[in-house]
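Sequences and hints are given; from them, build the entire structure.
6 protein chains.
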Amino acid sequence: MNQIITFGEVLMRISPRGNKKFIQSNNVEFYFGGTEVNVGISIANFGGDVKHISCISDDFIGDTAISYLRKFDVSTSAIVRSKRPLGVYFLEVGAVMRPSSISYNRSHSSFSEIQPEMVDWENALKKGKWFHWTGITPALNKGSKETLLEGLKLARAKGMQVSADPTYRSGLWKYGEDPKEVLTELVHYSTIFIGGVNEINELLGTNYSFSNEDFIEASKQLMEKFPSIEKVFDKIRTSINSSWHKIRARMWNGKEFKETQDLDITHIIDRIGTGDAYAAGIIHGLQKFDDYKAMEFGSAACAIKHTYMGDVNYATESDVINILEGDTTGRLKR
Amino acid sequence: MNQIITFGEVLMRISPRGNKKFIQSNNVEFYFGGTEVNVGISIANFGGDVKHISCISDDFIGDTAISYLRKFDVSTSAIVRSKRPLGVYFLEVGAVMRPSSISYNRSHSSFSEIQPEMVDWENALKKGKWFHWTGITPALNKGSKETLLEGLKLARAKGMQVSADPTYRSGLWKYGEDPKEVLTELVHYSTIFIGGVNEINELLGTNYSFSNEDFIEASKQLMEKFPSIEKVFDKIRTSINSSWHKIRARMWNGKEFKETQDLDITHIIDRIGTGDAYAAGIIHGLQKFDDYKAMEFGSAACAIKHTYMGDVNYATESDVINILEGDTTGRLKR
Amino acid sequence: MNQIITFGEVLMRISPRGNKKFIQSNNVEFYFGGTEVNVGISIANFGGDVKHISCISDDFIGDTAISYLRKFDVSTSAIVRSKRPLGVYFLEVGAVMRPSSISYNRSHSSFSEIQPEMVDWENALKKGKWFHWTGITPALNKGSKETLLEGLKLARAKGMQVSADPTYRSGLWKYGEDPKEVLTELVHYSTIFIGGVNEINELLGTNYSFSNEDFIEASKQLMEKFPSIEKVFDKIRTSINSSWHKIRARMWNGKEFKETQDLDITHIIDRIGTGDAYAAGIIHGLQKFDDYKAMEFGSAACAIKHTYMGDVNYATESDVINILEGDTTGRLKR
Amino acid sequence: MNQIITFGEVLMRISPRGNKKFIQSNNVEFYFGGTEVNVGISIANFGGDVKHISCISDDFIGDTAISYLRKFDVSTSAIVRSKRPLGVYFLEVGAVMRPSSISYNRSHSSFSEIQPEMVDWENALKKGKWFHWTGITPALNKGSKETLLEGLKLARAKGMQVSADPTYRSGLWKYGEDPKEVLTELVHYSTIFIGGVNEINELLGTNYSFSNEDFIEASKQLMEKFPSIEKVFDKIRTSINSSWHKIRARMWNGKEFKETQDLDITHIIDRIGTGDAYAAGIIHGLQKFDDYKAMEFGSAACAIKHTYMGDVNYATESDVINILEGDTTGRLKR
Amino acid sequence: MNQIITFGEVLMRISPRGNKKFIQSNNVEFYFGGTEVNVGISIANFGGDVKHISCISDDFIGDTAISYLRKFDVSTSAIVRSKRPLGVYFLEVGAVMRPSSISYNRSHSSFSEIQPEMVDWENALKKGKWFHWTGITPALNKGSKETLLEGLKLARAKGMQVSADPTYRSGLWKYGEDPKEVLTELVHYSTIFIGGVNEINELLGTNYSFSNEDFIEASKQLMEKFPSIEKVFDKIRTSINSSWHKIRARMWNGKEFKETQDLDITHIIDRIGTGDAYAAGIIHGLQKFDDYKAMEFGSAACAIKHTYMGDVNYATESDVINILEGDTTGRLKR
Amino acid sequence: MNQIITFGEVLMRISPRGNKKFIQSNNVEFYFGGTEVNVGISIANFGGDVKHISCISDDFIGDTAISYLRKFDVSTSAIVRSKRPLGVYFLEVGAVMRPSSISYNRSHSSFSEIQPEMVDWENALKKGKWFHWTGITPALNKGSKETLLEGLKLARAKGMQVSADPTYRSGLWKYGEDPKEVLTELVHYSTIFIGGVNEINELLGTNYSFSNEDFIEASKQLMEKFPSIEKVFDKIRTSINSSWHKIRARMWNGKEFKETQDLDITHIIDRIGTGDAYAAGIIHGLQKFDDYKAMEFGSAACAIKHTYMGDVNYATESDVINILEGDTTGRLKR
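Residue numbers (full-length UniProt numbering), protein chains in the order written: chain L, 1 to 334; chain A, 1 to 334; chain B, 1 to 334; chain R, 1 to 334; chain Y, 1 to 334; chain Z, 1 to 334.
To be clear, the hints were calculated from the coordinates, so they are not data collected in a lab. Worth double-checking, as some hints may not be accurate.
[Stated by the list, open to error] Below 30 angstroms or equal to it, Euclidean Cα-Cα: the simulated BS3-like pairs (lysine-lysine) are:
#, chain 1, residue 1, chain 2, residue 2
1, L, K83, A, K258
2, R, K153, A, K21
3, Y, K21, B, K21
4, Z, K21, L, K246
5, A, K333, Y, K142
6, Y, K126, Z, K21
7, Z, K288, R, K83
[Unchecked claim] Cβ-to-Cβ under 8 angstroms is the rule here; a few derived chain L residues that face chain R:
#, residue
8, S67
9, K71
10, D73
11, K127
Bear in mind the structure is a predicted one, so any value in this text is a computation, not a measurement. We put the CB at the ideal spot given by N, CA and C, even for glycine.
Here is the structure:
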């Protein structure tokens, strides 16, 4: 009963090398990602037992995606296959004052057309201890929302922890339901809230500021409305420019407010998936450490992810602990 | 009044380097292609004045596609943009007894959702002399079929030549109309038939063999049913294996049957787009040469295309003429 | 009457990947550039209608160069071809305290042997509204200087705006004429001066310092000697090292002095062509905005160019406006 | 009870791209291989349940090797880790009359220093049905030989099939035992002999020729001396040059002699691992088909492996069956 | 007194990867070559003591070229440096019926502007035993011709062997002298003629055919007119297409005519420099073997060069001897 | 009598491109390095006459290594070859708070099994003026220690300067001797100590801090115990993170203490070999400049090395002098 379950779309990401644009070179690289699978792979890299559930194209691209998950020892046994193609996104990585640009081709992907009857949740959650979901999945389509809802219900029925990263991405949500209503329903099945003032304001219709005081108030109000929520973990990103960020974290666990120091990320390699690395760090940390150390672990995991190309955090548990213990000088390991 | 018009989907093609599979390396290359635009670019490389009409995504991938056409001096002024993503296909290039594999992600692409009212045909065909279409466009969707039909009607009304490559690809045609009926309607607006016994059997419901005798009979019956058709150009591919083909061409122009010698393509680099190179060679050839030399030009153009990576034929008119004049030894040009 | 005309050499640039030296790897990349064509392409990327006039080798390298310009929708209709090879330069990109190194192979290039009778200026300037020239062209050879002079005369006769970037590069100027005299003659045909104290001192034989006071004085004296000059746009680069610069701009338009804030370019990707991006920004800006906003536009265009590999500025008008409006955090665009 | 067990060294292979030599370029690619793991991965690609047992370095190179096996869904649960580095080999791929060259760095590798007590054979073979070994393992070191011997004893005790590929590589065998004696002992635990006249002559001290008659005689004598051997599968390679081979197979199953037609591999991409692909095909084939079809499957598997870069055969069961059913024209799959 | 001297231009060659065109990709590779230095490097790879004399640009490109020669242990001590750039050539490698294309940028290169007083021939030839020249050097410019002539005079005065490869390339020879006259003067200083009927016809104004009879007659007449010539070595290339050639050699040594069998080069990687590999093989062979074996060595060296990318033959003496002894199957060396 | 002698292992280094991990991509690059050969190559790049003595594998990897040294004009005439493979190390380059990781495969390499009788020291040191050794060589094996000891004895007997970089790397030293004893013996043959407080504490068993006062005291005590030592050169690295360091140097020459300013290395490309670049700078500097300028030269050499990928410092003497004279802005050299 030790398995972390992640559920969500796996996307193929295609980017030019370095900071080039597609118009500059026809040499590109591909990676796989997707916010929930990023969390799953990252936890597997920390040593967790992870199963990712998804719907993936039944072609050589889908085979490659599944083999990518296996590389990280993520269980793919509950993945279903479909005739629809895998979702794709194209990324041009920015630098300094030039932002990165993304273009998605996902609206009729294999995952976006998933239906509840395609997933055997009983079987899939058999060894489950923790379920992680994000606001992307219910935004895609009615089928993906309902499939998620079934999973969440069963997870809670089995007493699993449920972490929610209820990011609201307005560019999605085209199938006709109201984001606030849907997310509200789903958050009711969740115990750990990985999100901040923006996400809370979205859910509650409030207007809290980013101050620590407001964060605490917002968290309290959130936990009042959603009594299943036990803890709220937020992170704060200070962007000097595309290439240089600072990251810190804060939390309210119903009793205490804590926050970490800024970690200074002076030479970003890839910021995609850094929020997912934070979530993975929190989930992994909460199973091993106290709340404060879990938050520090999440924050350090988020920071080090900025140094890996691709959506995935390759850091091991000990890589993260080194940073959390203050070794941020990057001294060469011989 | 000298412009060649091509109309059809522009796809992004993504392939690993050389003969690798996606599972082997995350270094891939992209190209743009699509059967009609391949014809257009190839004619532009022969020196023709070409306009390609299409519907392309309004993002940096679409910008890159348009800039790709411009590179070859193909007019992009009639291209419309859409919120839908560009169609994509993934290709693994085979070798020897290993076939190439293709996976498409095109069924909800920007082009497949084109509607007749999106194209200003009057304006687009203003300088038009020749219109080329293929069986892919009407296979995609009702909108693309009807848009094509409007274009064909106007083209014929203006007295343009219309070449048809009525390839029947059974994996497409999912929007509910009968391929034979649709293609029959469209071929009635065509004057040059670039296709062979397979395509004729498909249209007529006949069962001709590949013999020259049957080809002539089939062509005659075709021209009887479709009196607008003046000439039929076929090509015959002999596949020793994925890496080694032979190509020859044959034609019936209502009066004469002619065929060329086999061209021996001992070391294929990329066979995608070689049929399009044949069509481009026929179209360009018919504007400059007699029927037989046009066919030889098409056949040589098809052969040399096998030596270029990507969907596009880079050969110039003089490159092709060299081969057609018998210089197939590849002697170094200093 | 809306076309921006640029006239000058197109060079092929060859560089190792990243910060490597030629001795380290035989894998290199090529780009095309040249100070005037960089300006032209950048303006085309802002949405301007641009024609570049040049003399380019009549071989596959020249074909590739022309196709490169077309990619950006720059008109190549007035380009002449020659038997001489295209000019080439080799670049090793430095880092931190290591400067970049350049080696040129341009002294007998196709452009350097251009002659006035090769360009049909009447035709080339037919739709012209603005003409841009730099101090490189007259430095190359007598023929290039005289060809430019003819163009300038006609441009002024037609009432076009003429912007001058009269950079004095002492390593050139080997054909026997006096740079100061030649540049003086050419500046007399110009209306916008894109250059600073160095260039003014060179022209006037003065010795102004870099202070704002001296810049204003120098500009006034320049405009006295060259009454056609209406405005002077300068930029100031602060180099922390090869990888980290700051950029700001200042101007004197005969009435007002203005200067911008420093833009901090903490992680330079390629500084080649950043001065040209500034000039392009000024030229484009002056057609759309007031003088101060044009200068800000130029300064932001210059800054963002440092984030693109190659000589060319890929930024669109809206990319630049985002920065100019203060969004320099590089926030990811979803 | 359905698992195929392979036991042997996993090597990192490093090669320049294409047919380059190390002295030509510092851009190289790595793959993992090793004769037994090649067999294992190939069977996994055919759909078999495979476990590979080995001893792998406990560093990021070893992690990468293990993740490579997982990609193909090969079980790595019985792999042990060691402080010694992974074995490496360097390969320069030849062409035409230029042979490929190999240089090994394996003599003190993690696997070569394996000891019997490091492998928990009981556990490792729990689900085992088939055990495959080759002559490389006993050649490396006393420890690897003895570890193999323990495994073979248990496998036979459990009634598993045991296939032997008793290749004799004279460059190995430096630890002081007599190859013939050692191999004789090991073959006594085997039921399927994947080898030909050379290997039989080596074991029996005979001098049979390559004729079919001699092959049958040799096989009979082999089966007399080693009564556990039920079937002998040989393959015959005709090398036109480094780039062009023909492959056929023959067998003696105690009752019948059969041989296949030559498969013509006109454009070899990588011949490393083609013998292992043959063995994998035989092992997989014998579990699904009759002896003759198993041999055809092996032969077709061997042939198609020549078209994949790297040591591994990526072909699926259906890829191989297509060839075996005569489709060697490499027709594109749409 | 054992040094082989080669004298001639070193060119930088730039080519796209594989068979791409420059218009297809901005990823290219560079090599160094030049007919005489190719001969020198090849002999050094056979184990000879080689000094190459040239004039090379005094920049980082020239440094890279010199370091390239050193890599092969070719002495660079007599190389002079100049302010002029290194010559460059661009190559697009063809395939099948597509020929390779070359574009040169060498007409004002560092070498083409060499002057006799720049080379200290006394010192340079101090340890010289053999001098090799080709028809390219006198074709470039008056200075290069005269520098060569001085070297040849001294070489003969010192009793060195002099091999001539008097290729006549009509695209060069622009400085106003008559090729036939110049080459005639230079051949008078030569002892070994590496060339065939074409070159002899050019020199004698004759019209011999390619038959063996005519080759013998032509050689006799050549040796009559140039009594210093002792032996004539020719090679015959049969081009099936760009990717597939056959090579054989023939000779007349004043007494005997001999010819070799065809070597079948079924998959050419790069044919540039194969003639130089032949010359190097002859020169090296004549120092070690009899005339016939020297010719066989040259022919096998020429054949194997077709399998190396770049201008240089990487084969060692033993690589060539393997082929010459009949091992053309490319069997893997373990 | 002007030759700098370096003696030590040459290792092949294999790294993924940029900051990738091996698990991310099978595209890797190789370089050669090793602390002593890095010093040798760097001095050769400054213009020194350098001979490197080593034991290198007798295969194509060893050939490539030797050709790599020749590229830099380092004499390889005293290198011996062996049947053992070349040592290899794998490097993953970190960024920001992610440290680089190294994995070695060197413990049975060709160099680690060198024996004293393999090197002809008399001959090797014939033109020797300076001998450089490091603490790596005696750490590898008894044979390498004793070979070094013989060399040192002869070097001192001939009155050569001997520089010691007695780095103590605890992961090595597995052959049973006491590091302190061995290093003590070797330092007695040395005249220039390139090391700091750590190395002195190791040798003397003291416990000095990093303060300048302690450095001076430690140096004095060192010079008392080892009267041959004339000067001590230390460098101090301040690591902000993996991507950003500061470097300064200090020295005690028996009379004076001096230290340099920090050099700020804001964007590190590769820090491997930067200590060797410092040592090379000191050795080269002491032959040309006074002690203080030699130290500045070493410090600037160390700093610029951080901007070159690979183990080797490509900077020339004048590149370093520019920095030392204060030009650290990286201004482009045209």
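Status of each hint after checking the structure:
1. About 44 angstroms separates the Cα atoms of K83/L and K258/A, which puts this hinted pair outside 30 angstroms; it is violated.
2. For a cut-off of 30 angstroms, the pair hint linking K153/R to K21/A is broken: about 39 angstroms separates their Cα positions.
3. For a cut-off of 30 angstroms, the pair hint linking K21/Y to K21/B stands: about 24 angstroms separates their Cα positions.
4. Distance restraint check for K21/Z and K246/L: the Cα-Cα separation of roughly 24 angstroms lies within the 30 angstroms cut-off, and the hinted pair is therefore satisfied.
5. The suggested pairing of K333/A with K142/Y holds, with an alpha-carbon distance near 26 angstroms, which does not exceed 30 angstroms.
6. For the given pair, K126/Y sits about 53 angstroms from K21/Z by alpha-carbon distance, which is inconsistent with the 30 angstroms threshold.
7. Our distance criterion of 30 angstroms between C-alpha atoms is broken by K288/Z and K83/R, whose separation comes to about 46 angstroms.
8. Taking 8 angstroms as the C-beta contact cut-off toward chain R, the hint placing S67/L at the interface holds, the least distance being around 5 angstroms.
9. A distance limit of 8 angstroms between C-beta atoms decides the matter here; for K71/L the minimum to chain R is near 5 angstroms, and the interface restraint holds.
10. Annotation: interface hint on D73/L holds; nearest CB of chain R at approximately 6 angstroms, less than 8 angstroms.
11. Violation of the interface hint for K127/L is found here, the shortest Cβ-Cβ separation to chain R being roughly 17 angstroms, above the 8 angstroms cut-off.
Of the hints listed earlier, those the structure fails to meet are numbers 1, 2, 6, 7, 11, in rising order.
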